[in-house]
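2 protein chains.
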Amino acid sequence: MAQLKNIPFQQVDFTGGFWQDRQTLNRDVTVGAVERRFRDTGRFAAFDCNWTPESELPRPHIFWDSDLAKWIESVAFLLQKGPQPALYASARAIIDAIAAHQQSDGYFNIFHTVVEPENRFRYRDRHELYCLGHLIEAAVAWYNATGEHDFFDTLDRYIDLVIRVFQKEKSAAFTTPGHEEIELALLKLYRLKPDKKYLDLALFFLNERGPQDQLLGDWAKDKYNQSHLPVRQQHTAEGHCVRACYLYCAMADAAALTGDTALLTACRNLFDDITEKKMYLTGGIGSSHHGEAFTVPYDLPNDTAYAETCAAIALAMFAQRMQIIDPDGKYADVVERTLYNGILSGVSLDGISFFYENPLEICLADHEKNRSVNGGDRLPITQRLEVFDCSCCPPNVTRLLASLGDYVFTAGERDLYIQQYIPCRASFDGMDVTVKTAYPADGTVTVAVHGGNGKRLHLRVPGWCKAWTCSAPCKTERGYACVDVTQDDFTVTITFDMTPQWVAANPLVKADAGKLALTRGPVVYCAEGVDHPFSLFAAAVDPQAPVEVKESYGGLPTLQGKGRLSAAGDGLYYPASESEKQTPVTLRFIPYFTFANRGSSDLLVWLRRA
Amino acid sequence: MAQLKNIPFQQVDFTGGFWQDRQTLNRDVTVGAVERRFRDTGRFAAFDCNWTPESELPRPHIFWDSDLAKWIESVAFLLQKGPQPALYASARAIIDAIAAHQQSDGYFNIFHTVVEPENRFRYRDRHELYCLGHLIEAAVAWYNATGEHDFFDTLDRYIDLVIRVFQKEKSAAFTTPGHEEIELALLKLYRLKPDKKYLDLALFFLNERGPQDQLLGDWAKDKYNQSHLPVRQQHTAEGHCVRACYLYCAMADAAALTGDTALLTACRNLFDDITEKKMYLTGGIGSSHHGEAFTVPYDLPNDTAYAETCAAIALAMFAQRMQIIDPDGKYADVVERTLYNGILSGVSLDGISFFYENPLEICLADHEKNRSVNGGDRLPITQRLEVFDCSCCPPNVTRLLASLGDYVFTAGERDLYIQQYIPCRASFDGMDVTVKTAYPADGTVTVAVHGGNGKRLHLRVPGWCKAWTCSAPCKTERGYACVDVTQDDFTVTITFDMTPQWVAANPLVKADAGKLALTRGPVVYCAEGVDHPFSLFAAAVDPQAPVEVKESYGGLPTLQGKGRLSAAGDGLYYPASESEKQTPVTLRFIPYFTFANRGSSDLLVWLRRA
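One line per chain: the protein sequences are X and E, in this order. Reading the first sequence from the start, the letters are residues 102 to 711 in my numbering. Reading the second sequence from the start, the letters are residues 102 to 711 in my numbering.
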């Protein structure tokens with residue numbers, strides 16, 4: 102098993118470009134917008150733990166703790182790059198509140214402190230350990246940012262309680278958490294503070310998960326929370342996507358920390374099952390709102406796509422961990438696919454509103470059917486919201502964007518991997534690395550390495566790229582162009598052909614049968630009704646016609662393609678020959694992540710092939 | 102308004118061919134099979150009205166009365182064509198039981214006699230008037246078949262109670278039935294026995310339906326049972342399809358009986374809205390199981406298609422009524438479309454099992470997702486059943502098949518319309534009409550009219566037919582080839598080109614975008630997985646390649662077409678150029694109505710166009 106290390110974002114400074122713009126928006130607008138809406142909805146005040154049935158306060162939700170934990174983590178990430186006194190104060194107040202309301206035995210959970218204190222550790226689906234997991238991640242980030250270890254110490258007492266109740270006494274009503282998260286959090290904590298109790302507890306939760314768990318009861322019957330098989334026997338991705346990918350993250354981390362090859366094999370198979378059978382072109386996963394879950398291979402409907410923002414983030418997190426233990430460009434390819442598409446679509450261009458679901462098709466006319474009590478299939482909303490009742494996604498987006506530098510480099514003793522092409526400077530292992538590029542607006546990337554003589558540079562050649570050139574001698578290996586660094590000041594330029602590409606889906610994806618999608622580099626494009634004076638559903642694209650690169654929107658070029666419009670006459674069915682009466686049309690394509698920023702509109706990623 | 106008359110099946114004798122075979126199977130197998138399963142499930146015994154909460158008997162369902170009523174009606178239709186002593190005895194016993202358990206004020210309803218007697222006429226959704234409607238239809242048929250008017254008299258007392266309670270005293274808890282049916286039944290009765298009270302009651306129910314109904318309450322808010330607007334203001338088909346089309350039948354009948362042109366206009370618009378925006382290629386309607394209802398225009402998903410057998414029958418009934426008051430071949434076209442496809446698919450080739458839902462696509466792999474408690478979208482079952490909990494469809498099929506002769510001829514003073522091409526002999530209006538044809542296996546139809554000199558013969562030119570010839574001078578008028586009958590023994594031959602045709606859908610039907618379906622004459626074809634050693638979902642059809650007519654299956658030819666198979670490789674997404682690696686394949690097409698007679702299998706009506 103390979104044992105690369107990840108270069109953390111603290112050591113990576115973005116120096117401009119697309120992602121720095123998004124990080125700036127995230128820092129200056131989004132993190133504050135999330136705070137404001139979390140305050141409005143009572144999530145901050147809930148940490149005062151003074152809700153009673155008689156109070157006017159909103160009743161705390163079982164995972165409000167985690168909403169704020171992810172927000173605090175976001176703030177901590179920002180603090181690493183510069184002072185944020187107001188955000189610091191808001192976060193610090195919550196950390197203090199947690200300490201103030203921690204129970205004498207170490208327990209902390211808002212809902213089970215004020216709403217149902219009698220039901221501590223009683224229901225597996227109550228997210229107590231999930232909340233603790235997010236608090237641990239927040240505390241790790243807080244310590245890294247501020248050096249303050251009190252948050253950390255508070256949670257350590259809670260972890261000790263969990264070790265006693267779950268691992269030693271086995272006195273809880275369940276064995277493993279209903280929503281995974283604490284496993285990866287404990288392993289993250291263990292890397293920071295290598296106390297074996299953290300590793301042991303994480304491995305305990307991993308190893309106990311499955312039908313062998315005596316306390317599982319009915320939960321064993323389904324795949325919803327990955328309890329259908331022992332984790333090392335799981336080779337197909339099943340159930341709730343976020344739960345699944347958080348589990349797989351922990352499995353990958355555990356494999357890295359323990360050298361457990363059975364875990365590695367399971368992780369490889371799970372990753373391939375997702376990305377070769379169950380992933381949207383945008384990197385979205387979880388095609389059904391039923392259980393927010395994976396369904397069956399190739400079941401990827403576009404209009405009812407669930408494709409939760411958190412699930413795409415979780416997939417990126419899983420892929421990032423895999424590239425450390427199994428160096429292959431396919432992992433960073435998936436990170437890239439999710440970042441530019443299914444994750445970024447989750448936040449509006451003005452940075453203040455969010456999608457929980459990220460459909461690949463919207464037909465506004467079909468939304469009429471949901472307005473009748475006759476019902477109809479559930480369709481995702483067509484405009485982003487500033488907050489949701491279940492608002493897990495917004496702070497997940499903010500923490501990801503704030504720590505995006507985590508995804509750029511991995512390194513081994515001799516090897517340096519450039520996983521994502523983002524203009525930046527980084528210093529590690531005695532090297533200074535500078536990346537200059539306007540990627541993905543432009544396909545040229547220049548990497549300068551100072552002090553790396555003798556290293557081997559691995560430049561990812563994206564899976565979507567069919568033509569590229571490199572200024573230095575190189576050979577291709579598992580998705581990377583490998584270049585030997587032959588001098589102390591070494592510069593190499595790699596250029597990727599960014600010609601727009603029409604993409605087809607595996608024919609077994611019924612929803613995309615006979616259709617094409619337009620991509621340019623890693624960016625998936627879409628057509629919106631607002632740009633077209635005709636129904637997009639009556640249009641078909643001509644993949645032979647040239648696609649023109651046009652003005653930017655949302656920071657990246659728009660594209661213009663040609664197609665044909667079918668005459669949508671009266672009636673329903675015609676001889677095929679009659680249906681060929683078509684007129685040429687021009688189609689405008691915008692980056693998928695920018696959809697729904699100009700009001701509700703029809704949307705198509707996959708268009709019929711003319 | 103035109104005022105044709107319908108030639109009833111009593112005057113029409115089938116003389117062979119496809120439909121006579123189906124009628125024979127219906128008579129000799131299906132009617133008995135339905136009786137057997139209705140006995141097994143307690144539906145016959147329920148008429149003894151001796152269920153109690155303590156009894157071992159199954160609790161009667163609120164519309165078991167109607168299940169048996171349609172079965173009795175089927176038996177009565179058979180009795181018109183020959184003796185059926187066993188069926189007669191079974192039906193007669195139920196008629197006697199109804200009389201025996203009729204309440205002193207005339208009321209009869211099993212459920213509200215034995216289960217909830219305190220709730221007579223209290224809940225609009227309890228189907229009491231719907232059941233009475235079906236009993237009236239049965240009594241009319243029974244009288245026509247046997248001359249026995251006691252059934253009739255029994256129900257007349259019940260009708261008098263309904264007139265008193267609903268129309269005069271207005272003492273029921275609701276004004277109009279939640280499930281329409283009694284309206285068309287009363288108008289059928291009125292034609293047989295022109296007592297104005299029947300017409301008045303039917304018109305009362307029609308006129309009171311709508312938001313102006315003071316007792317409507319919440320029901321007014323939805324379209325589910327067509328109470329959203331007064332009937333004359335309804336111009337789009339909404340809500341539960343069977344309810345809707347039964348209502349539209351009554352509206353058309355009332356228009357015919359009263360000359361009400363506002364009703365005629367509404368009916369025309371409703372028919373066009375259905376058939377030009379909301380009807381499957383098979384004639385199925387009601388695309389969603391939510392409310393078993395119409396949804397929005399062009400929303401016609403193939404895999405989740407509800408397309409209830411009863412709804413297709415109800416559409417045929419509506420179309421039949423329209424061709425009487427608005428002579429246009431489009432109505433009989435729809436009758437034909439439903440008969441050969443969406444209705445006939447409702448019963449197995451061996452005549453003993455039934456589909457309630459009639460999907461146009463089955464992907465067995467997708468059914469796996471329904472096996473997980475994570476759920477997934479509901480999909481129709483893949484094999485017919487002998488009986489359902491809600492078993493309205495089987496006796497609806499049997500009564501339709503037994504009375505199919507009703508759909509062949511309409512006539513005016515001077516005009517004779519041949520609406521459906523079925524080999525038969527008929528005598529009416531002093532004429533003997535003989536139709537000879539092997540339609541739709543063959544496209545030639547010979548009509549001989551004896552005693553019709555001076556009449557005008559209207560031979561329907563099906564909407565699907567693009568080329569035809571007629572042996573006599575004719576001109577085309579509203580979908581008919583009009584031929585003057587110029588002598589007492591007059592024969593004309595019309596020949597329709599039966600070359601298989603590839604059909605495309607209106608581009609706004611998203612589910613069929615980029616796809617084609619194969620038809621031959623009125624028959625829609627499909628491909629089943631069982632006939633193909635590859636996934637049908639990876640295949641695309643070539644509409645330029647010749648389609649061969651092959652051996653029969655289910656009484657009609659199968660077809661063989663050519664297509665291309667996409668290499669379904671690993672992975673999900675490829676450059677469009679790579680997806681063009683295809684190999685030629687031969688595809689077998691069977692008539693749609695024969696699908697699922699050889700075990701569960703993948704099914705496709707609409708295939709990708711190569």
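Treat the hints as calculated values from the structure; they're not laboratory data. Treat the hints with caution; some may be incorrect.
One copy or two, it doesn't matter: identical chains are merged, so the pair holds either way.
Pairs of lysine-lysine residues, derived as DSS-like cross-links and limited to a Cα-Cα distance of at most 30 Å, are as follows [to be verified]:
hint, residue 1, residue 2
1, K651, K106
2, K269, K651
3, K182, K294
4, K567, K182
5, K651, K289
6, K567, K682
7, K682, K663
8, K537, K567
9, K271, K682
10, K537, K182
The hints, checked one at a time:
1. K651 with K106: Neither, since 40 Å and 65 Å both go past 30 Å.
2. K269 with K651: Neither, since 63 Å and 73 Å both go past 30 Å.
3. K182 with K294: within (23 Å within a copy, 91 Å between copies)
4. K567 with K182: neither (37 Å within a copy, 73 Å between copies)
5. K651 with K289: neither (44 Å within a copy, 67 Å between copies)
6. K567 with K682: between (35 Å within a copy, 17 Å between copies)
7. K682 with K663: both (16 Å within a copy, 23 Å between copies)
8. K537 with K567: Result: close within a single copy only, 22 Å intra versus 65 Å inter.
9. K271 with K682: neither (71 Å within a copy, 58 Å between copies)
10. K537 with K182: Classified as within; 20 Å inside a copy, 89 Å across copies.
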